[in-house]
Structure formats: structure tokens, C-alpha cells
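Number of protein chains: 6
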Amino acid sequence: MNSDSKEQYLIEKEPYYKEVHDEISLYEAAYAARLPMMVKGPTGCGKSRFVEYMAWRLKRPLITVACNEDMTASDLVGRFLLDKDGTKWQDGPLTTAARIGAICYLDEIVEARQDTTVVIHPLTDHRRTLPLDKKGELIQAHPDFQLVISFNPGYQSSMKDLKQSTKQRFGALDFSYPERTIEVEIVAHESGVSEDMAEKLVSIAERSRNLKGHGLDEGLSTRMLIYAGALIQKGVAPIAACSMALVRPITDDPDMRDALDAAVGTFF
Amino acid sequence: MNSDSKEQYLIEKEPYYKEVHDEISLYEAAYAARLPMMVKGPTGCGKSRFVEYMAWRLKRPLITVACNEDMTASDLVGRFLLDKDGTKWQDGPLTTAARIGAICYLDEIVEARQDTTVVIHPLTDHRRTLPLDKKGELIQAHPDFQLVISFNPGYQSSMKDLKQSTKQRFGALDFSYPERTIEVEIVAHESGVSEDMAEKLVSIAERSRNLKGHGLDEGLSTRMLIYAGALIQKGVAPIAACSMALVRPITDDPDMRDALDAAVGTFF
Amino acid sequence: MNSDSKEQYLIEKEPYYKEVHDEISLYEAAYAARLPMMVKGPTGCGKSRFVEYMAWRLKRPLITVACNEDMTASDLVGRFLLDKDGTKWQDGPLTTAARIGAICYLDEIVEARQDTTVVIHPLTDHRRTLPLDKKGELIQAHPDFQLVISFNPGYQSSMKDLKQSTKQRFGALDFSYPERTIEVEIVAHESGVSEDMAEKLVSIAERSRNLKGHGLDEGLSTRMLIYAGALIQKGVAPIAACSMALVRPITDDPDMRDALDAAVGTFF
Amino acid sequence: MNSDSKEQYLIEKEPYYKEVHDEISLYEAAYAARLPMMVKGPTGCGKSRFVEYMAWRLKRPLITVACNEDMTASDLVGRFLLDKDGTKWQDGPLTTAARIGAICYLDEIVEARQDTTVVIHPLTDHRRTLPLDKKGELIQAHPDFQLVISFNPGYQSSMKDLKQSTKQRFGALDFSYPERTIEVEIVAHESGVSEDMAEKLVSIAERSRNLKGHGLDEGLSTRMLIYAGALIQKGVAPIAACSMALVRPITDDPDMRDALDAAVGTFF
Amino acid sequence: MNSDSKEQYLIEKEPYYKEVHDEISLYEAAYAARLPMMVKGPTGCGKSRFVEYMAWRLKRPLITVACNEDMTASDLVGRFLLDKDGTKWQDGPLTTAARIGAICYLDEIVEARQDTTVVIHPLTDHRRTLPLDKKGELIQAHPDFQLVISFNPGYQSSMKDLKQSTKQRFGALDFSYPERTIEVEIVAHESGVSEDMAEKLVSIAERSRNLKGHGLDEGLSTRMLIYAGALIQKGVAPIAACSMALVRPITDDPDMRDALDAAVGTFF
Amino acid sequence: MNSDSKEQYLIEKEPYYKEVHDEISLYEAAYAARLPMMVKGPTGCGKSRFVEYMAWRLKRPLITVACNEDMTASDLVGRFLLDKDGTKWQDGPLTTAARIGAICYLDEIVEARQDTTVVIHPLTDHRRTLPLDKKGELIQAHPDFQLVISFNPGYQSSMKDLKQSTKQRFGALDFSYPERTIEVEIVAHESGVSEDMAEKLVSIAERSRNLKGHGLDEGLSTRMLIYAGALIQKGVAPIAACSMALVRPITDDPDMRDALDAAVGTFF
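Sequence order for the protein chains is A, B, C, D, E and F.
Note that the first sequence ends on residue 268 in our numbering; no numbers are left out.
Note that the second sequence ends on residue 268 in our numbering; no numbers are left out.
Note that the third sequence ends on residue 268 in our numbering; no numbers are left out.
Note that the fourth sequence ends on residue 268 in our numbering; no numbers are left out.
Note that the fifth sequence ends on residue 268 in our numbering; no numbers are left out.
Note that the sixth sequence ends on residue 268 in our numbering; no numbers are left out.
These are calculated hints, taken from the structure and not from any lab test.
Owing to the predicted nature of the structure, the values given are computational and were not obtained by experimental measurement.
Treat the hints loosely; a few may be bogus.
A pair holds if it fits inside one copy or across any two, identical chains being indistinguishable in the list.
Said to hold, decoys possible - In silico DSSO-like links for lysine-lysine, alpha-carbon gap of 30 Å or less:
#1 K88 with K234
#2 K212 with K88
#3 K234 with K6
#4 K18 with K234
#5 K212 with K6
#6 K212 with K18
#7 K212 with K59
#8 K18 with K6
#9 K18 with K59
#10 K163 with K234
#11 K6 with K59
#12 K88 with K163
#13 K234 with K59
#14 K234 with K13
#15 K88 with K13
#16 K135 with K13
#17 K18 with K135
Isolated chain A, as found in the complex:
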């Protein structure tokens, strides 16, 4: 087991990232102050990519945890495993990050049980400690350690929101879909289609985003546009590619499908 080998968590290649506003310099200041950060925004708008990019830029290891409702505090912090000589402590991802000075990214934090999130509290105030209660050890976080969480305010219901005592421990950056020219550049770059084709895909997405809350839970994301572009690059006809990568995944409602098909038909 090599959970403490810091190298495997370093991002070797610069991830493709287009700055939208001034989020890069703001994040750098937050990291300099070791302020815990929260990145908010709809699914597929580039939150995870941004965190990956910042880890590369800051040359810090990145440890990502996809949160889910079954995740226990032990999954974050660690547990005892059976060994031939009895039990042996195995650090969890949060503990590893605190020890090696990584950026720990808790993705989709709203999925985690509110109370599980309590374990991150002592890491997010002046103490910067992580008590391993089961082991009887108190970890002082590495000076380079930082905690980042993501969540999608669109999902936010009274059942699944962060507690104020958690929220108030983080600085926050809002993300949205990038503005038209940037999104066109991203789609073209990532999928390999022409700027012209990318523009059409972005136009379809913009129409879908106006339907959010009027029958669609979310609009088409940048990621979906890249998928459609990739299919077109593999030789699929644009209408079929849009149907397969944009319309059919996002909704099963016949009226919404008609509306989205019509949007596709306008451009192809």
C-alpha cells in the first residue's frame, strides 16, 4: 500500500483550462491564506477541471473524493485493517492529504451526510487539526494542506444543504457555463470540431438553458457539447450525434424532447 506516496497525486500535464473571470488569482490568494474553498455551480460547467488546473498550477498533490450518502467518517479519516500481526491503521484520503500537504477535493459534498461533514471542521478553522479518535492521535495538518469542496446549488433543498456551521468555514467561488466565445473555444479544443460547428452546439445549449425550470432540471452542459462534438468527429451525422449526446440523455419527457429536437433542427 502506497497511500502516502505523494507523487501519484501530482498532476503531471497541464490540464486545459480557460479562465472565465479572475478565479485563478482569487484562488491563488485563498491558497496563500490556506482559506478552505467551496466551488459552486451546475453540473458539467468545469468545477472539477478548475480544481485540477489549480493543483497543477500550484504544484500541489490533489486527492479527490467523490462524496456519497454511504460515506462514513471512516471512509474519509481511515480505519483499522486486519494484518497478520493484528490490526493496522490505514489512513483515509483526508488524513493522507493532511499529512502530505495535498489539496483535498471533496466533490459533490451535498451528497455526503450532513453529519459526516462535521469531521472536516477542525481542519477548517484556526486549529487545522484532524483528530483520529479511533487511533487516539491528533494530526496537525501539513502547512501546504488545503480543503476544497464543490456543490451544486441547483440541487439544494431543505434536505440537502450544508449547515451554516460548515458553510461559514469556506471562501466561495461561483461557477457557471462560460460565456459564448470561451465556451466555443473550449468545445472546439476538447472535441476537435471546427469553431463553426462548436458555435452551433453552443447555440443549442443556450436554448436549452432557457428551458431550465420550465421542464428541464438543468440545461445542457459544456461537457455534453464536447461529447456531441466528439461523436461528430468520429463521423456521426450532427443530428444523430445531438440526439444521442444531448437530447436523449437529458430528458425522457416527449414535449421537452420535441423542443430540444427543434433547437437541433434549427442549426443542422
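Chain A is already provided as a structure; the job is to place chains B, C, D, E and F on it using the hints.
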């Protein structure tokens, strides 16, 4: 334990599959782009058969997981087992597929807990990684790996739907019962009855499908027609075979049974 | 542990079974086609006895599992056990049946969690496979293997019904209480009372069955009549035997008890 | 571990039991037919004592299980335990009873989860078998084995009732508080007070039983009268003894307490 | 492990206890009859102290268990632990008490799951046995063993009440706050303040007890008065001590706080 | 494992703490009387810092436990771990604190299950004991041991409040945001900004606190002001710093964001 022996997951014999539209070439393009895929449609219409056929055609190992509500992330990803020398890591089916470059087919994904599905996220975006948090290892998926999920939109309720952040990670193909001439050919081929007999069975199914939402949750599936045909081939009288394989399994409601029996009586 | 010793599951002595319609030949055809079967009917009408009889007639081992809500997929499929050399796989009853070519009878399937029943799906379609996800093994069912499930449609509520995707994988046989002359013969044979006495008991049962849905959840079953007959054979007075074996077990409602006692009083 | 030592379950001394009607001979006939039995009645009326008495009379070992909602099938049937050589099977009380031919008494069966009770089904019909699914063994019950369950119909709600498919597997005996002269004799014998004193206690109980459903969930039981008598025998004044053993335990409602205190005051 | 060393459970020093009515002699009679006892009353009125005092007086070891909803039957009865030679049985506190003849005190029994309380039933009737189902052993309680439970009727809701079949197994003693002169004596003795100061504290408490049900869930307990007295003894000004030990802990409601502060202001 | 090494829990450096009223001397008196303490107040107002400061001042080790709903009694008290020689007891943080005479601080106690909190009861009355039921040991707390809990009355709902029987075991200190001049001093000291800048930040916070209950669940905390100051110190423009550290984390509601942005605009 031979969980990494790739050969056992190869489909040796070409599965019988009749193309309905252009789903074969669309899937091939999606696989070429390694786009994660979602196959949607009613029960027994051939979704699993199609995925099996594509795995055979693409000569990729296929690992199928029947999802259920009790399935934990560990069931997909793996767990530590006790060995005579202590604990030993055992890959789960998703991890095995990611390592050996298989198509991993998560059947009836709506059954799985929404939050369990979060573990597939990093495998379905640009990262194509699978973090084994418990082991402290980060797997980079094999270049041939692809994820496919199935679900039945007919079941879709507010309780059991996929989250947008999951949906938007997949291209989608819609399946339905095949058109009449193709379905007749399939029933005849699979059950061994004559085309004439198969046509009668398909006609009964078509009537039942009009009752969907008017007392029946689902119409008769192609699979059920094949079962009825198989009984007829074994010498059971057609009316008895239809009663046993079509009418009695699908409903206990006396009125619906009368309606279906009448449909059977029209043709036999 | 001798879970794979096929002999212990063979029915040695012919079980007493009176055919009611043509269910024996229908089942034989279904078995010849290896069609998974579902036997439906009220409690105590002879479903389990029928399956036992068919297993004896077809000379196949029979593995019966009494389903319950706590039953996990592991209880059906198998699990790792600790051994002096570490963990050892232990087949569950379904896996054993699939390996040795037994008839596997899942009794009272409605009790099992709907999602647990998903594990039987790949065994009930063209694949006839059982994936042991935890072990990383894919079992191809023995050619003689067949799956049979029972359920009582009277219990069927929206909470506890089989899913369409499960139902459509089975042929179905309906069972009810046998017709008068056959039931008399069964009660006399099984309890040892005279045909005349058996006739009286069956008459009481018929009256109770008219009360189903009018204060009684179920009518008196054939099994209960046999119990009453057995007590009479042991020298208990008929009225006391009926009170103890028929009236008191079935209801605590004073009015229903009066109605049933009156029915008993008519014949004794 | 001596779970199979039959002697420890034999009742050595004749338990004190006063027959109320003809329940002794009825039970003997039921045991002769090996009919599974259900004893019904309010708390503290002597059900457990009766079963103990019958076990003594029939010279059969008695294994009693106090049912509760946390009881799993494994608690009844058995489980694997870790041993120095790996796992070892440990029979549960039901399995032990089936092997050694004991009377197995499941006390307060309504407390058990309805679905846990399914495991007793194959022991209660013609099969008289107990499948140990986890061990892959099928037990044929000892010829002397009998199953007895108790439940209190007063608790019976739609949530906590036995299923018809369970009820119909048992003969039933109703119990109630014994008639006045017998109850007086029991109270005097068990507590050591005079018949005269016992009569007063029984009179108080009779008044309380009229309050059942009018503010009291249950009336005073025979057991409580014996407790009050025992305190009086230890020198406690009758009013204080009744307050402590009869009134205060049964209710915290001030009006009900006044009513019961008044009843006590009438006789002391 | 020394769970059976009886000495550690003996109360060495006489606990301070002021008799309120005749509860000491009543308890002695109950113990002489080995009648299981239930002590009822509001929090902090001296129930636990009384049981401790009686254990000292009777020279019996006392084993106290603080009940909670997570407590399983195994926590009371015992479980198998892993040892270097396999599993070893570890008695729970109830089993230890039954073996060594201790008084077993289940504190705040309403917290325990109703069904967990079923395990105490065979210890509380004529049987005085405790079946260790998991071990296959039947314990006969030591002649000196007695069971005592406490509960607070003020909490009693339909969700958290004892079942009649549990209640009827116990004699009951009601506790309340002691009468004024006794409470003054207790507060002075326990906190070290003068009788005069104690009288003022008791007066404040009496006012608060009138607010019970009018905005306060419970009045101030004797224990709280002792805490306030102890702070005064440590040099804290009486008003500050009352605020800290009486008013602020008991309520966050501003109106109630004003009312209580006013009561404090009347006396200091 | 060094869970009993007292030194690691000592606070070496004096934590920065500004007294608001007389809480330091009150706490000292409470500690002298070993009165268990409860610190109440909104998130981020300095409760944890105060406890840390008092531990430093009193030169007592401090063991902090972040409470959460999944926390079991075993997490507080301890459990058996597997060792090469079998099981070994591992003290939990509460047990360690009781043994070494530490201050045990249960942070955010309302998160813990009400019934888990029952385990602290015997440590908070005259007994000062902790029964380790699973180990059969009764711990007498070290004379220096004290228990402190925190909770936020703003969260208090009928679902998540402490029980009276818990509340009445603690003295209480109320905390709120410090008064203006003290808060300015704290923000300047902790973030490094000028007093002038700190004053502006405090002014913004005061406006937000008036919105509590009018669209905001909580006002801006002192901790958030320190975060904003830290970003300004790192060169972020004040408006951007306030947006990132104050406005965006606290709410996603557009109207509230406008209101808060306006407050920020007033001062920068």
C-alpha cells in the same frame, strides 16, 4: 481467484441480434470516442442482448453487474478480504473492467442507490480514473474501457431517477419493441416456431401494448413471446402456452386477464 | 460442509399429490424448455407440495429457500467465510442449485426485497448465468437447472409486488383450493379420517372461503383441514378439534369466530 | 459449549399449574399429532407456565426463546463462529430443538419481524425440515420436536399481526385469566397469603379488568396479584403492597390511579 | 478482564441519602421477595442515588447500565469475542449480575428499544432464568440477584412507553422532588452552603416547578440546586451562580429566562 | 498507539482570546467545582477557542470530539480491536480523558444521537464514573477530569435538542458575537489588517446579523471576517475578498446576495 482473467469475459459465440435502426453504427462511434453509454427501454426488449452483441462485435470483454438497492460502492469497486497473511485487496467488477479494458455494463442502474452511482463519475469524464479510497490507489482506466448503463424510463419516478450530474455523463440510445416484421423474425428464430405462429404471438403482444397505462404496467415483451413459442415447440397447446407464458405472469387483475385471454382467443 | 452433495436434495419417496387440472404436463413442458416458473395461489393450497412432487417426478434435486425481508443477495449467492488459511468461498443455495442442476424453489418470493430479486435475472433469460461479483466468477448454469418461485397474489399490495422486469421472466401456474371431491380425498388420505368426516370438514372450509374479504383475510386451507382431521384421529371431539385447528388460529374477531363456530355446529 | 446437551432443557420439578378447562388433554392430542401450537392470551395469565407444565408432563426438553424485533433468522437457526481453525457452525435454539427433539417455545412471537417468522414455515408443515442455507444442510426434525408460539391478541395491530400463511400452520388454544375460585387458589398457593387475602386481591383485579379499554391497556394480571401477595407475606401493609405491586406499575394516569386506589380501599 | 470480580461493584462508602417517605422499608420488603422494581420520577430527583444507597444498605454489588437506543440485547447479555484461540464468550452486565447475585440497575429504560427489553422477561417472573441463546446456555439467576429499572413518566409518549407485558413484571416506587425541609437539608449537605442559602435556592426551584408544562419541560432539580450551591461555595456571586447553574442550562426561551431570572432576583 | 500520552493533548502556546464578560472567572469556578459545562452560541463566535484557552490557562490536557450522528457510544467509550493475540481494548476519547484527567470537549453535541449522549450521564453526576459495559470495567474519573459540551441554540428544533435529563447535568455559559470594539480588535489581530479595515468588516457583519431570521439562517461570524481580512492581506481587493469570504459562502439566494453586496458597497 481469477478476477483478472480477461478471457472469461469474452463473448465466444455471436449472439443473435437483429438491428432495428442504426444503433450498431451509433454505438461503434460512441465506443470509438469512449463515450459512456446509456441504453433505455422497457423490460425484455433486447437491451442486454444488444450490449452483449456489441461486446462480441468489438471483441471486448463484457462485465455485467445486476444493480440492486443493497449494492454498496464496495460491491462495485472492491474490498479487503482476510487472508492467512492478513488482508488482501479484491477488485470489484468495475475495477476489474477498468483494469483489463472491458465494457462494464451496469444493468438496471435505477435500482442502485443514487449515491452509489457517484463512484462512477470520475470514470465518465475526462479523467477516466477510479479512486480506490480504501486502498489509497488511483486507477487510470485502460484505453479500451467503456461504461454502459441500462434503465427503464417506465419505472422512472421522482424517487428513482438518475441525477442530472449522472445523466449528463452519458450518450443515450432509446430501445423499444422491434417493429412487427423484425419481431416476428426474432420470435421464430429464438423459439423455433413457424413465422406464421410467431406472427400470431406478435399480434397478441401488440394488443397488450395498447393496454399499457390502461391497467397494465407494461405490455408483453419480446422475451415473453419467445417463452410462449418455446412451450408450443415442446408440444403445449397454443392457448395453454399463451395462458402460462403471457397472461398469467403479467397480471392478476381479473379484467385484464379477460382482455388478454380474448386477445389470445382471437388468434387461436 | 457438503453443500454440493447433490443426493441430499433428491426427494426419495413419492410425495402424495392429486392433480387438479393439467398442471403436471404443463410443468413438464416448461421444465423441458427450462422456462423459469412461478406458482401462484393462497396459503396452504399445495404449491410447495406440487413443486416437491414435480422434483421427485423429474428426478431432480430440489433446493428450497424460504424468502424473507432480511435475505440479502449473499444469502442466495454465497459469501466468503473465514478459514484457518484466510477466507474461503461458500456457495449459497442458488449457486449450489445452478452448479449441480437442481430445481431451486424460492418460496414466498414477495417477502424478499424487490431489489434482492434482481440477482436472479441473469439466470432467467437466455444467458442462464450467475455472476458471483464478490468472487470475480461467472457461473454458467447446469443444463438441468430450473428456477421456480411461489407467491400469494392475495398479499399483493403496491408495496409488495414483483416488478414487471421480474414477472416477465417466468411462466405462471395458478393454484387454488382443489375441487370438492379431490379435496375430500386429500384430507382423508393425509389425516386418516373417513371420507364422510373429510366431507364435513371440506364443507366447513367452503363456508369460510365465502367469508374471504368479508372479515376474513383468507379462508380455511386444505392444510388446516388435515390438521383438524389429525386431531380427530387422535381422539379429540370434532367440535373441539375444529375450534382448535380451524377457528381459533384463523381469527381473533368475535363475530367471525361466531360465524365459523356456527358453520362447525351445522356439521357436528 | 454444550448446546446439544438435552438434559439442561428438561424441567426437573413439576411446575405448579391449575387446569382451567380441558387445555391439558387438548395439548396432549396436539402433541401426539405433532401439530404446531399457538397459545394466545393477555400478559401474565399463565401461558408460559402452561407450556412449561406440558413439557414437564410430556417429559420433553423445553427451549424457550424470548422474541424481539432485533432477532434475526440467524439468532434462531445458527451462525458461523470464528474458531482457532477458522469458522465453526453454532446451532441456534430452533436448530438445537429440531435436532434433540425438544419443544421449542417462541415467546411473544408478535415482537419478531414478520419476515423472520418465515424460517419456521418448513418446520410447521408436512416437511418438518429446517434448511440451514448458510451451511448448506437440510435438517429433518427429530420425531419428538414440536413448535409452540405465544402471542397476545390485545397487542394485535395491523402492524404487528401474524401473517395468514403463518397462522394457518398452527392449532390454537385461548387463555384468559382463570375463573375466580381457581385464581384465588393460585394466588394463595404462589404467594403464601391466606385464601381470604387472595380473594380480596382477586376482587381488586376483577374491577381493574373492567377498566380495560376505558383508560387501561390491560387489567391486573394473576402474576401481579402474586407479587402483591408476596409483599404482604414479607410484612408490607396491604394498601402499600397493592400500591407498589398493582397500582403504580400499571398506569401513570392520575384518574386511573384514583380509580384503582379506590378499588383497593374498598377491600382494605 | 475481571467482569466477574464481585468486589468492584460493592458500594464501599455509605451514600448520603435522606428518606422521603417509607421507600427504604418498602424496597427492603421487595428485595426480600426478590420482586423486580421500577423507580419512577423526574430527572435529578434522586432515583439513582436511592438505588445506590439501597445496594449499600443491603450489601449487594450494584451493576448500573445507562440504557440507550443503540443498546442491543448483546450489550446486556454478552457476546463472543475473538481470542488467539478463536472466539471466547464475554458476559454482558446483566449476565454478570445474574451470575454473581448483584442488583442490576437499568437506568432510563425508556431509552432502550422496547423489544430489547424483552430479554429481561424470563429474569422477572417465576423462572428467574436468562437464556444465552447465542451460547446455548440457560442461566439460573443467583438467589441474591434483583433487577431494578428507572424511568421518567414525564417523557412517556406513545412512542416511548414500556409495554404492559414489561410493566406488569415490576413493583413500582414513585419519586418526586423531596419536600422543602428535606430538600434544604440535602442541598446544604451536598454543596456546603448554609441552610439559609439552601432555602433560597429551594424557593427558586419551587417557583420553577410551577412553570412545568407552562413553557418548561421540567422544573429545576435538586441536582441543579446542588450545582448552584457548589459554585457559590467556590466564590461565585449567587446571581451569577444561579444564572449559570439554574437558568441558562434549563431553557433558551427568552420569556422563560426572564421569569426565572425574576425568581432569582426575588431572593438575591 | 499512544492514546494515553497526556502530553499530546496539552495546549503549548497561549491561544489568542479576548474576554467578553466575566466568562473566564466563571469557568474557573466551575472547573474548581468540577461542574460539567455547556457553552452555547452561534457558529464561529469563539466557543471552541474559549475552551482551548481555558485548557491552556488551567494547564489541563484538552481532548476534542467533533460529534456527529453516526457517532456510536463505542466511538466515545472505546472498543475491542483485533490483535495478533486476539482482541485488545482500545480506549475511546472520553475514556482517555476520564483516565488522564483531561478536559473532554464534545463539540456540536446536538449532532450526536440523543441516546448516545446517555453514556456521559454517570460522568456528570456525583458518581463521576464511566462503566465500560463491554469490558466489564467501571472507571472512576480522574480528579482533574471535566466534561464540556457546546451547542448552537439556533439549530435547536424539536428533533435536535438535548433532553432535560442531559441539560440538567451542566452549568451553562452563553456566547454571542463579541461587542464591536472587541470584535474589531480580534479581526485586526487575527487577520493582520488595520483596525480601520477591521472596523469596516465588523460593520458589514453587524448589518448581516440584522438579517438573521429575515432570509439568513445566521449572520456573518467573526471567523468569516477574519477570513475576509486574511484575503485582503494577501492582496485581494476588499470587494472581491468580501464577496468570496462573506457573501457567496453564506447564501445562494439572489435577494440576500444583493442586500449583502449593498452592505459591502457602503464601506468599500
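Hints and how they fare:
Neither within a single protomer nor between protomers do K88 and K234 lie at most 30 Å apart by alpha-carbon distance, with minima of 50 Å and 42 Å respectively. Taking the closest pair of Cα atoms, K212 and K88 never come within 30 Å of each other, the shortest separation being 50 Å inside a single copy and 48 Å across copies. Proximity of K234 to K6 under the C-alpha cut-off of 30 Å is restricted to the inter-copy arrangement: shortest distance 27 Å between copies versus 38 Å within a copy. Taking CA atoms no more than 30 Å apart as the test, K18 paired with K234 passes in both settings, with 25 Å inside one copy and 24 Å between copies.
Taking the shortest alpha-carbon separations for K212 and K6, neither the intra-copy value of 42 Å nor the inter-copy value of 44 Å comes in at or below 30 Å. Taking the closest pair of Cα atoms, K212 and K18 come within 30 Å of each other only inside a single copy of the chain (25 Å); across copies the shortest separation is 38 Å, beyond that limit. Taking the shortest alpha-carbon separations for K212 and K59, neither the intra-copy value of 38 Å nor the inter-copy value of 41 Å comes in at or below 30 Å. Within a single copy, K18 and K6 get their C-alpha atoms as close as 27 Å, which meets the 30 Å cut-off; across copies the closest is 40 Å, which misses it.
Proximity of K18 to K59 under the C-alpha cut-off of 30 Å is restricted to the intra-copy arrangement: shortest distance 18 Å within a copy versus 38 Å between copies. For the identical chains of this complex, K163 and K234 are inter-copy neighbours only, at 28 Å across copies versus 46 Å inside a copy, given an alpha-carbon limit of 30 Å. For a Cα distance limit of 30 Å, the shortest separation of K6 from K59 inside one copy, 11 Å, qualifies, whereas the shortest one across copies, 37 Å, does not. In this assembly of identical chains, K88 and K163 lie within 30 Å of each other by CA distance neither inside one copy nor across copies; the values are 34 Å within and 37 Å between.
Only between protomers do K234 and K59 lie at most 30 Å apart by alpha-carbon distance; the minimum there is 19 Å, versus 35 Å within a single protomer. With identical chains, the CA atoms of K234 and K13 are at most 30 Å apart both within one copy (25 Å) and between copies (28 Å). Within a single copy, K88 and K13 get their C-alpha atoms no closer than 35 Å, and across copies no closer than 33 Å, so neither meets the 30 Å cut-off. For the identical chains of this complex, K135 and K13 are inter-copy neighbours only, at 24 Å across copies versus 37 Å inside a copy, given an alpha-carbon limit of 30 Å.
In this homomeric assembly, K18 and K135 never come within 30 Å of each other (Cα to Cα): the closest approach is 44 Å inside a single copy and 34 Å across copies.
Comparing the model with each numbered hint stated earlier shows that hints 1, 2, 5, 7, 12, 15, 17 do not hold.
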